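J.: Residue numbers (the numbering used here), protein chains in the order written: chain G, 6 to 304; chain L, 16 to 378.
Think of the hints as simulated: they come from the structure by calculation, not from any bench. Only a predicted model underlies this, so the values are computations on that prediction, with no experimental measurement involved. Backbone N, C-alpha and C define an ideal beta-carbon position, used for all residues, glycine too. Be aware that a few hints might be false.
Here are the in silico distance ranges between beta carbons for each label pair [to be verified]:
hint, chain 1, residue 1, chain 2, residue 2, range
1, G, P103, L, L205, 39 to 45 Å
2, G, P103, L, A43, 38 to 44 Å
3, L, N105, G, K116, 22 to 28 Å
According to the in silico footprint, chain L covers these stretches of chain G (three or more CB under 8 Å from chain L) [what the hints assert, rightly or not]:
hint, segment
4, 197-204
5, 216-227
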Amino acid sequence: MSIAIRRRVQLAVLLGPVSLFLAVFFLGPLAIMMVTSFLAPGLYGGVEWTFYPHNFGRILGFADPMFEDFDPVYIAIFIRSVKIAALTVLAALIVCYPAAFCIARLSERWKNFCLFLITLPFFTSLIVRLFVWVLILRQTGLVNEMLLSTGMIARPLDLIYTDGAIILGMVYVFIPFMFMPVYGSVEKLDWTLVRASLDLGAGPIRTFWRIILPLTAPGIVGGAIIVFIPALGNFVVPAILGGAKVMMLGNLIEQQFLAARNWPFGSALAMMVMSVMLLLLLVYVFVSSRRGADAALNR
Amino acid sequence: MQDSIVRLEGASKAFATPEGGSVTALDAIDLQVRRNEFLTLLGPSGCGKTTLLQAISGFVELDGGRILIDGEDMTDRPPYRRPVNTVFQNYALFPHMTVGENTAYALEVAGVAKAKRREQVAAALKMVGLAGMEGRRPRQLSGGQQQRVALARAIIARPKLLLLDEPLSALDKNLRQAMQIELKTLQHELGISFIFVTHDQQEALTMSDRVAVLSGGRIQQLDTPRAIYDHPVNSFVATFIGASNLFDGRIDGDRLMTGDGTEIRHRRAPSTASGAATALIRPEQFFLAGEGEPFPTLDVDLEAIVFVGSTFELFGRTSAGKKVIAEIPAGRRSLIGDIERTRRARLAYDPAAVHLIHACAEA
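Just chain L, with the same shape it has in the complex (with noise of 0.2 Å):
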């Protein structure tokens, strides 16, 4: 028994650019998918994370490597042959048939009877809250009700495994953050592996067992979410996921000198070397300072302060002029008033909150 229900094994794919050139989409890939689990393929736009989709899918040939879902070699088939399905971005609701027969394709092309097939939509309608709606065209649903038909299309004949193609970009903010925590319990009612793509961090954190970070055709980082906000390997996962400040520098027992002059003090851990590093401080862990403050601080002069309802962001800069964020809890409105009236802000962080990716791990 394997515990993976997919493996790619050095995927790897070039795509000709117009001008003669190639463009590395993947470069030698290696990935294993968990049974039951909700894995997010993260990355900016070009990152290689719609090519490992289609991959998985069928509709991108691989240059190189294998593709094995449930132990089965899957790089030389074609897309109909595969026990995967997909939910495209665009929905790709089928516009001259009904709902019901939208969703009972799957079926109809596996040759189940119809009576069997009927039962079936119903369920699979009803699962995704939709139970009645079998008469309606795609047409006359708002966008919210087609994701969720075109949900009920692929999760209907059981696949072994579920694509989404950022299914969520084109809903609203509210209805989004519904269907994300949806989605979850749906995955975990059926009991199959989901593989998220996403260029929304905020989705992949929410979501995810394990998220992958991509960027430039590789995996920066496969971990889970807690994970990698508090641990990235290395600056491109750090700024990509979350927002943060991060100082370059050389470590010094238990601090980290800047070029400019700053002093990062962190925890100093046995693992840690000497060396060239970057510390790396969350807008959130930063505190303003109370009298006779314990914690090391940071005095930054504020050139904003932006009230975003929970937190106040202050956007401010060293004395070196390194840009720093922080974010402040709206509760404690007293401080704020004194800064905004000073503009100017001295910041406390615990030590132990300070997270160092030291260069060597840099990609």
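In isolation and in its complexed conformation, chain G is listed as follows (with noise of 0.2 Å):
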């Protein structure tokens, strides 16, 4: 057998499990779901095997005028869910990122334990970490009694069930994520271009954003993409910090699976979900594959 043949193989059986595993578990419900978002829904749920393009309708203003009418709700809920998923994302970096460099600076050992720490949320069920959050938070929660045993408050604020609760609540599901990435490149800033942009005449302010927030936007973006991306769809969150008052995309796509057993307007705004999702990431790929280029190109 020939070498190139022989790694052929080789890359074929160590590929292969993975690939395999992504071709039925991934691609196959995604194509199913692709499917479904351009089918009828069936009176009594499941799907009816005609053409249907006013999924799609329903949410972006061509609805069919038979059975529904087009609603801006759908775009609001999407305008407010991206709006919600930026600010978690804004949050979660405001946290991270100079909690990274502190720790980053720290000895071999307590950096291991500060990380260790920061993994250990991922020990207990998420549920009843949220459910801790409700019980800080409520009208009767520890907040409110202490502000209120305090005199500072005469009545309870409403805390919960708000915007911020689920800002604060997805923050708090996502600091490992944001933070890892984050972490990564200002552990890898090599201090000594901080020092020579000192040595030049730069202050610290100037230092910070011409040399030391460019050479961490790779861990600042990494860290971005992927706490955007499952705050954008969750729904558990919202779902128990959130009450009924406030409705994300995770939890209009959970309804009208469950409960409306609408799948095929489920399927679609999946499918929005996820092309906006898509274009993120190319944008993202192209910008960062032309700066590469660019480089290459002056070589």
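Join the two chains, each given in its own frame, into one complex according to the hints.
T.: Structural data, given as structure tokens:
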């Protein structure tokens, strides 16, 4: 057997299981969902096998006049979800970025301990942790009780079932996802470059904007993407901390599938979410590869 | 008008060790660097030379003492407000900027207009032999080219003083020697003082106007390269700079008697007091004695004869067992043939070339 063929066989053996798994359990369902999104909803759930583009029409504005009207509420939910996911990313970044610098400066031993602490929440159930937030934030919860007893407020504050509560909960859930990539690039930062900048006359603030931020940007962008994507489709946090008042994309999709039993419309919503994410990723890949190509051209 | 650009007065610094002790990096150092001078800080690792450099650039805060640059007290000024720039050991070029942007950084920070910046960048890059390379990225350059960019970046804002922290240590030998000469030329063209840190004594001797030999946080000797080589003040300096044969003993008139009975002749100077002293004979001051040699001689048993191109290096021992190194020009092959056969050599030396280090001068 020639070396080239042997290499190819090796590659096939190594990549075989993961390719098979993804094909059966990821691409398969995705294809089913894509087909479903273009079918008509059945009267009592299920699907009618007729081509029906109006699922997307309900969202984008060309609804089937026989059954449904175009309702801008879906676009509103979409925009609000994007807004809440973006704010989650921003808040998580504000929490993680300075912390990454602190932890990167610790000794090896303390570093590992801190990283362990950050992954610790994974060892407990997400639902349990979120219900603890309910106990903390509700009208008779920890925060309100404390503020009331100290006399700082006369009436309990509306903390839970707000956008703020959802963002708080999502930041709490997604901090490890933001922290790891940010920490990765902060730890790799070469501090002699910072020194060189100071030496050349740039003060601390300018050095941050011109040297530290650009050099840690890959970690920030990476963290932003892997927090934004699950935050956009998340339905657990809004369901628990948002109550019935705040509807997000994740809840909407869940509702269509499980409560309304309108699978085609749920699929259409899911496809919309996915296309937005793909678009974002494409932009990122395009921008970062063009930067690489620039460097290659100058070679 | 002051003639020194930098003045250190009693500069002191100690670092805490992880074990709870402390290490003295700078032990009340007084130092004056002259205008337009190429001064080298030379010493083994841990001698305090890098700490001294960082104290001048502002990255190390002194425990005591003062630093004046051009007459102004800089002791409490942060690095970015000192008229000093540094060429770092690993170049420290900004990887996300082009060569042009790297070079222009100090000007950009100082608020120089763009057109003027471009002009000065072109001039600085030309000066270091990288004309037209503005658009490249640092990682596309060779080590030597990166070194030149670092240099251009550090000189573009015309600092009053340029600090160089072992800038040539990562380059290969040929390139290093070429850069040594270029640096020296550049310093003359710019007319600013350079403080150069190195642990390579050859480099220090080649480039410097003056060399400060550091050890244990103190300046052992500060003088011209020739004075340091020919007249080291103590045996640390003598052994650190160049190879040396040191003979400890007592002075008795125009000779020095070692404990093991070897006799070293020297030219008796009026100042030469009697007492304990060390005689220094550089390896190249030995030559092979001829018949009826008029100069004093030393008989050695040879352990190794090494051909290094322009010279032969002889490694031997005296009859008392003291190690001796001699360097014989390779032009006289016939003589070498003799000693290769006999494995014995009679080494002669000129008493005038023997340098005496007095015990009281020992650190």
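J.: Decide, hint by hint, whether the structure agrees.
T.: Tested hints:
The hinted range of 39 to 45 Å is satisfied by G/P103 and L/L205, whose Cβ atoms lie roughly 41 Å apart. Checking the proposed 38 to 44 Å range against G/P103 and L/A43 shows it holds: the Cβ atoms sit about 39 Å from each other. Separated by about 23 Å at the C-beta atoms, L/N105 and G/K116 satisfy the suggested range of 22 to 28 Å. Figure legend: the segment 197-204 of chain G, annotated as covered by chain L; annotation consistent (7 residues with Cβ-Cβ distances under 8 Å, at least 3 required).
With a cut-off of 8 Å between beta carbons, the segment 216-227 of chain G has 3 residues touching chain L; three or more are needed, and the interface restraint holds.
In summary, the structure agrees with every hint in the numbered list given earlier.
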